[in-house]
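K.L.:
Below are the chains, spelled out letter by letter.
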Amino acid sequence: MRSTSYRIRPIWSRLAFALAIIGPGIITANVDNDAGGISTYSVAGARYGLGVLWILPLLAVALILVQEMSSRLGIVTGKGLGDLIRESLGVRVTALILGLLLVANWANTVSEFAGVAAASGIFGVSKFLAVPLAGALVWLLVVRGNYRSVERIFLVASAVYLAYVGSGILARPDWTAVARAAVSPRLAWDSGYLVMLVTIIGTTIAPWMQFYQQAAIVDKGLRPAELGWERLDVVVGSLFAIVVAGFIVIACASTLFVHGQAIETAEDAAVALRPLAGSYASTLFAVGLLNASLFAAAILPLSTAYVVCEAFGWEVGVSRTLRQAPTFFGIYTALIVLGAGVVLLPLQSLVRTMIASQTLNGILLPVILVVMLRLINDRRLMGTHVNGRILNVLTWAIVATLVILTAALVVITVFPGSSH
Amino acid sequence: MAYLSELLGKPVVDVDGVRLGRLEDVIASTADALPHPRLSAIVVRSPSRSMVVAMEDVAVLIAPAVSLAKPIDQIRPVEPRPGDLQLAREVLDRQIIDTNGARLVRVNDIEFTRVDHRYFVANVDVGMLGLFRRLGVARAAERLWRRRTESPPGKLTWHAVEFLPGNQPLRLREPASKIEELHPADLAEIISDLSRAEGARLLSALDVETAADALEEIEPDFQASLIDGLTNDRAADVLEAMAPDEAADLVAELEPEKRSELLPLVERDKAEEIAALLQHPEDTAGGIMTTEFLVVADRLTAKEVLDLLRKRADEVGTPYYIYIVDDAGVLTGVLALFDLMIAQPGDHVSDFMNRNVVSVPLLATQDEVARAVAKYNLMAIPVVDDQGRLVGIVTADDALDKIIPTRWKKRLPRLYR
Numbered sequence: 001m002r003s004t005s006y007r008i009r010p011i012w013s014r015l016a017f018a019l020a021i022i023g024p025g026i027i028t029a030n031v032d033n034d035a036g037g038i039s040t041y042s043v044a045g046a047r048y049g050l051g052v053l054w055i056l057p058l059l060a061v062a063l064i065l066v067q068e069m070s071s072r073l074g075i076v077t078g079k080g081l082g083d084l085i086r087e088s089l090g091v092r093v094t095a096l097i098l099g100l101l102l103v104a105n106w107a108n109t110v111s112e113f114a115g116v117a118a119a120s121g122i123f124g125v126s127k128f129l130a131v132p133l134a135g136a137l138v139w140l141l142v143v144r145g146n147y148r149s150v151e152r153i154f155l156v157a158s159a160v161y162l163a164y165v166g167s168g169i170l171a172r173p174d175w176t177a178v179a180r181a182a183v184s185p186r187l188a189w190d191s192g193y194l195v196m197l198v199t200i201i202g203t204t205i206a207p208w209m210q211f212y213q214q215a216a217i218v219d220k221g222l223r224p225a226e227l228g229w230e231r232l233d234v235v236v237g238s239l240f241a242i243v244v245a246g247f248i249v250i251a252c253a254s255t256l257f258v259h260g261q262a263i264e265t266a267e268d269a270a271v272a273l274r275p276l277a278g279s280y281a282s283t284l285f286a287v288g289l290l291n292a293s294l295f296a297a298a299i300l301p302l303s304t305a306y307v308v309c310e311a312f313g314w315e316v317g318v319s320r321t322l323r324q325a326p327t328f329f330g331i332y333t334a335l336i337v338l339g340a341g342v343v344l345l346p347l348q349s350l351v352r353t354m355i356a357s358q359t360l361n362g363i364l365l366p367v368i369l370v371v372m373l374r375l376i377n378d379r380r381l382m383g384t385h386v387n388g389r390i391l392n393v394l395t396w397a398i399v400a401t402l403v404i405l406t407a408a409l410v411v412i413t414v415f416p417g418s419s420h
Numbered sequence: 001m002a003y004l005s006e007l008l009g010k011p012v013v014d015v016d017g018v019r020l021g022r023l024e025d026v027i028a029s030t031a032d033a034l035p036h037p038r039l040s041a042i043v044v045r046s047p048s049r050s051m052v053v054a055m056e057d058v059a060v061l062i063a064p065a066v067s068l069a070k071p072i073d074q075i076r077p078v079e080p081r082p083g084d085l086q087l088a089r090e091v092l093d094r095q096i097i098d099t100n101g102a103r104l105v106r107v108n109d110i111e112f113t114r115v116d117h118r119y120f121v122a123n124v125d126v127g128m129l130g131l132f133r134r135l136g137v138a139r140a141a142e143r144l145w146r147r148r149t150e151s152p153p154g155k156l157t158w159h160a161v162e163f164l165p166g167n168q169p170l171r172l173r174e175p176a177s178k179i180e181e182l183h184p185a186d187l188a189e190i191i192s193d194l195s196r197a198e199g200a201r202l203l204s205a206l207d208v209e210t211a212a213d214a215l216e217e218i219e220p221d222f223q224a225s226l227i228d229g230l231t232n233d234r235a236a237d238v239l240e241a242m243a244p245d246e247a248a249d250l251v252a253e254l255e256p257e258k259r260s261e262l263l264p265l266v267e268r269d270k271a272e273e274i275a276a277l278l279q280h281p282e283d284t285a286g287g288i289m290t291t292e293f294l295v296v297a298d299r300l301t302a303k304e305v306l307d308l309l310r311k312r313a314d315e316v317g318t319p320y321y322i323y324i325v326d327d328a329g330v331l332t333g334v335l336a337l338f339d340l341m342i343a344q345p346g347d348h349v350s351d352f353m354n355r356n357v358v359s360v361p362l363l364a365t366q367d368e369v370a371r372a373v374a375k376y377n378l379m380a381i382p383v384v385d386d387q388g389r390l391v392g393i394v395t396a397d398d399a400l401d402k403i404i405p406t407r408w409k410k411r412l413p414r415l416y417r
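Protein sequences, first through last, are from chains A and B. Mapping of the first sequence onto the numbering used here: position 334 corresponds to residue 334, and the numbering continues sequentially without gaps. Mapping of the second sequence onto the numbering used here: position 269 corresponds to residue 269, and the numbering continues sequentially without gaps.
Incorrect hints may appear among the rest.
[Stated by the list, open to error] Simulated coverage check for chain B against chain A, where a stretch passes if three residues somewhere in it have a Cβ under 8 Å from a Cβ of chain A:
1. 9-17
2. 129-135
3. 190-198
[Claimed, not checked] A few chain A residues facing chain B, derived, Cβ under 8 Å:
4. K79
5. E315
6. V316
No lab work stands behind these hints: they were computed from the structure. Even for Gly, the Cβ is constructed at its ideal location relative to N, Cα and C.
Pulled out of the complex, with its shape left as it was, chain A reads as follows (with noise of 0.2 Å):
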């Protein structure tokens, strides 16, 4: 009966079975990609030229590690991060995360939304059209449609990224410049630099991707057996999306910054497209940050919700009335609305405002990273898939960096006069 049931699929389900073989790794790593990331990248490139590159590399590194031990916590325990966190660490512990986690999450929203604003802006649309209507857009997706197949949807999309390495390479760059300033290391005493540096790993390394991965790669039911699978899918999503993130440096190094240009507004940015889109660089880079707007504004607010309501143990799901799981939507509408609700503020840049909080996501790593390293080294969970040693030195290597930077950023925040 194999061959001869002809009950009928629908082409759609076919395609989407054909996409589902990328894992939650690739999914991961490419709404990393996101409005705050795109900015981020962008605002670097432009002001520090080549000068912020050598990070990326390290970054890499540093996004597969961490990745790589969300993954395995997953599959060896069959439970999301919010969840171990619950049953090991206690309700303290919890609350400080979850609630730092709601905190960030919630900037991030802010920063998706305000992506959303920048795009239709130069669509010559109000964002005061715009942004509602994104709210509620993503808000019924989520609740009444199905967000499945929507979301392969967003992901072939993020393909749209690929213009920056087209960009970058028409662009003409100094390649022996970018390979040089790849391996070269800077660090000055300056706050606006420094910032920057947390913000990019922010970006790179944000807090919700742990989470994020962790629950997808839980619903993929992935077994202990297939962990060398999910490492080469973390590992090939994490290169993906720093060789993206390089080659907007890149573009943005070798456009915006050689002619001393600040980015503003959106289509100062969308200037590091026109190497290889030329007048079509605003289109086709308001399309790719609605893009990427819209797909993290989707699983931002959806994911803290049911990451804290499951810690807490309140009702989750979207199949629940309102009554029934007050607390559930409480959190995912309030996301929602505060997220869009900042947007529409008189802010003094939709630029800066994405950037703001990815800064708050590296000030957050450490502290998730922290609590990572317990869980992974707790022999109890995860039996013989602890971390090695050179794991463990790595990642704490990893935590200081980020204290130390955090701290640096701290002292010159408090007492500027001491920069050069």
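Based on these hints, arrange chain B on the given structure of chain A.
P.N.:
Below, chain B alone, put in the same frame as chain A:
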């Protein structure tokens, strides 16, 4: 009354006031088969080691410091016994099933009660107050509650909760006994709220009939992944126990390899039925019909039909109608159960059957089927092939599924659970 959260971390001293360490866990024994487990020992953690001290050696439990009844060198550590539950490690903060409310909850705190100098686990706190207590702001929260007249919600008595299989440390009671008393639809909701691995574990712990009933209520794509989590033999048993149309819907969602592994394990009649149902396009009468129905010949008497019904009641699900076919299998009439009840035992079916049968063709759309069911006020509608032969029936709930949107509500992104 005392709470586990208030005991954890308290200093433990012996009868002379010598400090042993801090209280790390409380062990409750379920071996007595009482409705509430008895506290049997405490785990004391000192920087160098941890020690299990029997409750008999504990003089005062509820006090700023837990004090023991003997000097430190006379205390003999006890060994863990079967049926022992480490409350902090194995129960606190875990997900459990509230069997009265039929929902998944998380344990925020555990409440003890004292009866005749012995402590028992009384309640499980799953409410906000328990959370606040853990956060150290219980007083403030209680004051807030007192302003309202109602009592703070969220306390479940111990015998109204059930562990998730897999989180269950040792086989405490009959596995999943209380869970099986839940309504299959409630059970389906609980399973849907769990992760894939946990859901499959829960499904494995249920008896085959309950598992099949619950599985029928779960949305098909999640069904398929749950089946993936079962052993093949178990999955085949569950498929056999499901209604053939539901089983066919599930099989349609499986990967081809999984399908070819499973179907040979399913008992042959059932496998053929499923395979036959799979031949029909999904959204037609054929795709939603079931092949479980009762057919009789028109020469039987009312009494004979009733006897037959009694004998075959298990196989045919809920027979609202009994169908009459001729020797070629062509549908010629229908009997409602009511007709059968009021007929004289000796009456022949052909005398009182309804010859004017409403039926739908195999390829009728689900919409058309639903409309016919609604128009003629039917509980089920027969499906006939192009020669008029009866091939199946569509029950009203399956027909209306598409029209009354109950299913799409369940179709959620699974990504976040």
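K.L.:
Now tell me if each hint is right for this structure.
P.N.:
Going down the list of hints, with the structure as the test:
1. Only residues whose beta carbon comes within less than 8 Å of a beta carbon in chain A count, and the segment 9-17 of chain B has 0; fewer than three means the coverage is violated.
2. For the segment 129-135 of chain B, the stated coverage by chain A holds: 3 residues have a C-beta nearer than 8 Å to a C-beta of that chain, and at least 3 were required.
3. Beta-carbon proximity to chain A at under 8 Å applies to 6 residues in the segment 190-198 of chain B; the threshold of 3 is reached and the given coverage holds.
4. Because the closest C-beta pair between A/K79 and chain B is about 7 Å apart, less than 8 Å, the hint holds.
5. For A/E315, the interface hint holds, since its Cβ comes within 8 Å of a Cβ in chain B; the closest pair sits about 7 Å apart.
6. For A/V316, the interface hint holds, the least distance from its beta-carbon to any beta-carbon of chain B being 6 Å, beneath 8 Å.
Taken one by one, the earlier hints fail for this structure only at number 1.
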